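**Q** Spelled out, the chains give:
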Amino acid sequence: MTEQIPVLRLEGIVKTFPGVRALDGVSLSIMPGEVHALMGENGAGKSTLMKVLGGIHQPDEGRIIIEEQPVVMAGPLDAKAKGIVFIHQELSLADELSVAENIYLGELPRKRFGLVDWAELEAKTNGILEKLKVGFDAKTRVGDLSIANQQMVEIARALTVDAKAVIFDEPTASLTDAEKTVLFEVIADLKAQGVGIAYISHRMEEIFRITDRISVLRDGQYQGTVNTGDTDEEGVTHMMIGRKLDLSRNESHHELGNVALEVRGLSCGDLYRDVSFELRRGEVVGFYGLVGAGRTEIAETLFGLRDPSAGTILLDGEEVRIHSPHDAIERGISLVPEDRKAQGLVLGMNCRDNMTLPQVDDLKAGPFVADGAEIAIFDQYRDKLDIRTPGWKQLVGNLSGGNQQKIVIGKWLSMHPNVLIVDEPTRGIDVGSKAEIHNLIRDLAAQGYAVIVISSEMPEVLHVSDRIVAMYSGRIMRTFTSEEVTEENLIAAISGLETQKVA
Amino acid sequence: MSGLTRKDIGGFLARQGILVAFVLFIIGFTIANARFLDPDNIMGVVRSSAILGVMALGVTFVVISGNLDLSVGSMMSFSTIVVLDLHDKIGPALAIPAMFAMTLCLGAFIGFLVGYLKLNSLIVTLGMLSAIHGLTLTYSGGKNMDIADKEGTWFSVFGQGEALGLPVPILIFVLLAAVLGMLLSKMPFGRKVYAVGGNGTAATFSGIRRARVVFGCYLISAFCVATAGLIQASRSLGSQNTVGQGLELEVLAAVILGGASLMGGSGTIFKTVVGVLILGFIQNGLLLMGLQFYVQYVVTWIIIILAVWLDIAAKRGKLWSPIA
Ligand SMILES: Nc1ncnc2c1ncn2[C@@H]1O[C@H](COP(=O)(O)OP(=O)(O)OP(=O)(O)O)[C@@H](O)[C@H]1O
Ligand SMILES: [Mg+2]
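Top line first, the protein sequences correspond to chains G and E.
Residue 208 in the numbering used here sits at position 208 of the first sequence; the count goes up by one each step and never skips.
Residue 32 in the numbering used here sits at position 32 of the second sequence; the count goes up by one each step and never skips.
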C-alpha cells in the first residue's frame, strides 16, 4: 500500500466557551477519498470541531494542517478558498434570494462592467440541481422551499468549488429517503474524485452504509478512531456513551382511556383531505408518510395554525374550534414543531425562559414571574432529558443542535398536555437520548396522556406507536395496529401502492 | 502575557465601543471645559434629559418587540398642546386625564395597525409623525398655546416642582423607569415582548398572541409620551406646535446607544437609561464647548450611525467584516 498523506489533519485542538470546554485536545486526520464519520453525544463537540476547521471559530490551541502545510483559517471564505467546504447543521441561507444566488453567493459569474451574468448563473445552477435530482429550479426563492429542499440547496453549494474536503454536519436530519439516496450518490462521486469527507450524523444505518472510518468524541475529548468494517452499532454506542444502550421498549400494560381527540372528515384545501381518526388516552399514534403527505399540516390544524376547510375536531367528545395556538394550549394541546430554529426557539433568549415561555402567565408570584418555579421546571427537564448546558442562563443559540431540540421537547412536556403532538421529535438527537425520549413518550402514554408522533424515521414510528396511521398524498391510506404492521406493508401504504382501506 | 494584537483591540472596541467612545467624550469635554463635571452641571443634564428619557422608556418596549416608533416626537407636541389648551378650558384636574386618554387613543391606533393588521411599523409611524402634526395644527389652529394664569396654577408642579430634594421631572423619570423596568424584566408581559421581538414565529407557536403584545407596547409608548408632554407643558406653561419635533430620532438614538438592537429581542430599561444619560452628556458637552445647539442635529445622526455600526460589530466581534 502506498503511503497516502491526509488531506486534512487536526492536532491538539482546544476550544473553550465561557463555562464549557467544548474541545479538549482533539486530533484527527482525514484521508483523500475517505468518508470519515464523526460521532458523539449531543454537545460532545462535533459541530464545534468542524467550525474550527471551517474558519468559523478560532481554536485556543492546536494546529490545522492541510496536505502537510499548517494553515490558519481566517474565516469561512478563507476556508473555502483553501478547499474546505462546510455544509452546516443549522441552515444558513438567505430566504429572499433565489436558489442560484444562494449557491453562488459571493462569487456570482460576471459579465462586462461587473454585471451579473444571469444566464450563465442559471445554467450552472440548473446543471448542479439536475445532478441532485431536485424538483425545483435556479430561480426559485429559497424561502419558498421546504426544509428538506433548503438542505439540498446547502448541499449544492458544496459542488460549486474544487473541494479538498467537504464537511457534512447532519445533512440528512431533514431529508427524505429519496433525497438521502441522492446525497449518498453525491458523496460517492466526491469520494471517487479523492475528496476527503467528514460526515456527522446520529443515524447509525447511514454511518454503516457510507463511511470508511469512525472517530468518536465524548465531552470534547477524542475517544479514538475505528474502521467502520471492524465495529458495529453497539461498539460505536459504547465508545460514545461509555455504556451499553437498552433499546427495549418498555411495554406498559395499561388500559386505554376515553377518546381524547377525534377528528372527522377534516380537510384543508389541497394539503390533506377527509382525514378521520381517534386518539385515546394512554395511546401513542404514529403518523408515517413521505414528506408532503400532509402530516405536519394536520398537526398545525390541530394546534390552531391553519383553519380547516371542512370537518370537525372533538376534544373529549366535545366539538371545538381552534383558531390559534393560544386556544390550542388552553385546551391542553401541545405541539413540538418540526423546525426548532424557526418555530421552536427564541435563540437569543436563555434556556429557562425558552422552556417556560408557553406557561409564563401561569407561573406567577404576585404580579411577577416566579423565578424559583421556573428554575425548578428547567432543572427537572434538564435532568430528565440530559440537557448539556453550563446553566439556565446560557442562550439557547449557544447550545448544540441536539440540546436545542431537547429544550423544545422539555418546553412542551412541562405543559402536561392532554394531547401531545410531536413532529420529528428526535431530529438531531443522539442515540442514547433518543432512546430516553422514546421511553419518555411511552411513559407519558402510560400516565394517560394521548400522544401523536409524526416522524419520517420508520424505526422510530414502529418503536413508539401503539397504532400507525399511514398517509399518502394528503389521505389516510390505512391504520395499522402494532401487531399487524410490518416494514413492507407500511412502505406499500405510504407510497400509494395499496388502495385505500377504511381506517 | 503576549501583547495585544490589533485583532484583540478591534474585538474589544467592537464589544465595548459605546463605553469607550463615551469615556473619550467625557475626557475631551472635561479638558475643554472644567465646568463639565461640576455637580450642578451634572444635575442639569439629568434634569433636561428627563423628558427624552421618559419617552425613551416607552420606545424601548417597541424596539425590543421588533418595531419602530417614529411618531413619539410629534405625539409629544400633540399632548403638550392639548393639555395646555384644556387647562384653561376644563381645569388641570380634568385636562390631564383627558390628554392621557387622547394620547393613548393615538397609541392604540398605531398598535392596531402594526399589531393586528401587521403593517410595517416604519411606514405606519412615519406616516403618523406627519398625520399627528397635522392633527395638532388643526387643533391649535396653528397658534402657540399658553396658559392664561401662569402664576396661580398648581399645574407647574410636574415640570418645575421639587420633592424629596429632587426636581419632579427626575422623580417621574426614575419612578417610571423603575416600574417599566419591573414590567419588562420581571413580569410575563415583558418576557413576551422579548419573545415576540426575538422570534415572532416561535412566540406564536408558544401561544403568545403577538398582536396583543405589539399593541401593548405602543400603548406603553403612548403613555410615556403623554407623561413627557405633561412635564414639558408644566415646565413651560406655554408651547409651540412643534416642541417635540425631531425628538423621535434622539429617543431612538438613546435606545440604540443603550444597546437595544433594531432587530428586536434585546435591550433593557437600565441600558436605555444609560443611553439617555450618555446622549445628554454628549449634547451638554458640545453646548459647553460653545457649539450651536443645531449642531446637535448632526451629532445625533452621527451617534445613531455609530451606535448601529457598533451594534452590528458587537455581534460579529469585529469592527469590519467582508461578509454580512
Ligand atoms: N457559541 C457558543 N457559545 C457557548 N457555548 C457553545 C457555543 N457553541 C457551542 N457551545 C458548547 O460547546 C459544546 C459542544 O457543542 P457542539 O455544537 O460542538 O456539539 P455537537 O457535538 O455538535 O452536538 P449535537 O449532536 O447536539 O449537534 C456544547 O456544550 C455547546 O453548548
Ligand atoms: Mg452539532
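Honestly, the hints are just simulated from the structure, not real lab data.
Check the hints yourself; a few may be wrong.
[To be verified] Not close to chain G: a few residues of chain E, all C-beta gaps over 12 angstroms, as computed:
no.: 1; residue: Ala32
no.: 2; residue: Asp40
no.: 3; residue: Ile42
no.: 4; residue: Gly44
no.: 5; residue: Met102
no.: 6; residue: Leu104
no.: 7; residue: Lys150
no.: 8; residue: Gly152
no.: 9; residue: Ser156
no.: 10; residue: Ile170
no.: 11; residue: Leu183
no.: 12; residue: Gly200
no.: 13; residue: Thr242
no.: 14; residue: Phe293
no.: 15; residue: Tyr297
no.: 16; residue: Trp309
[As the list claims (entries may be wrong)] Going by beta-carbon spacing under 7 angstroms, a handful of chain E positions derived as facing chain G:
no.: 17; residue: Lys89
no.: 18; residue: Thr204
no.: 19; residue: Ser206
Computed from a prediction, not measured in an experiment: that's the story for all the values here.
Note that the Cβ used here is the ideal one computed from N, Cα and C, for glycine as well.
**Q** Evaluate each hint against the coordinates.
**A** To see whether the hints hold, each was checked on the structure:
1. Ala32: Fine: 40 angstroms to the nearest Cβ keeps E:Ala32 off the interface.
2. Asp40: holds (39 angstroms)
3. Ile42: holds (33 angstroms)
4. Gly44: holds (36 angstroms)
5. Met102: holds (28 angstroms)
6. Leu104: Non-interface label on E:Leu104 holds, nearest chain G Cβ at 21 angstroms vs cutoff 12 angstroms.
7. Lys150: holds (40 angstroms)
8. Gly152: The claim stands: E:Gly152 keeps its Cβ more than 12 angstroms from every Cβ of chain G (closest is about 40 angstroms).
9. Ser156: holds (34 angstroms)
10. Ile170: Per Cβ check, E:Ile170 is outside 12 angstroms of chain G; nearest 26 angstroms; holds.
11. Leu183: violated (9 angstroms)
12. Gly200: violated (9 angstroms)
13. Thr242: Its Cβ never comes within 12 angstroms of chain G, the nearest being 38 angstroms, so this holds.
14. Phe293: holds (38 angstroms)
15. Tyr297: holds (33 angstroms)
16. Trp309: Holds, since 19 angstroms exceeds 12 angstroms.
17. Lys89: With a minimum Cβ separation of about 37 angstroms from chain G (threshold 7 angstroms), the hint on E:Lys89 is violated.
18. Thr204: holds (6 angstroms)
19. Ser206: With a closest approach of 4 angstroms, the E:Ser206 hint holds.
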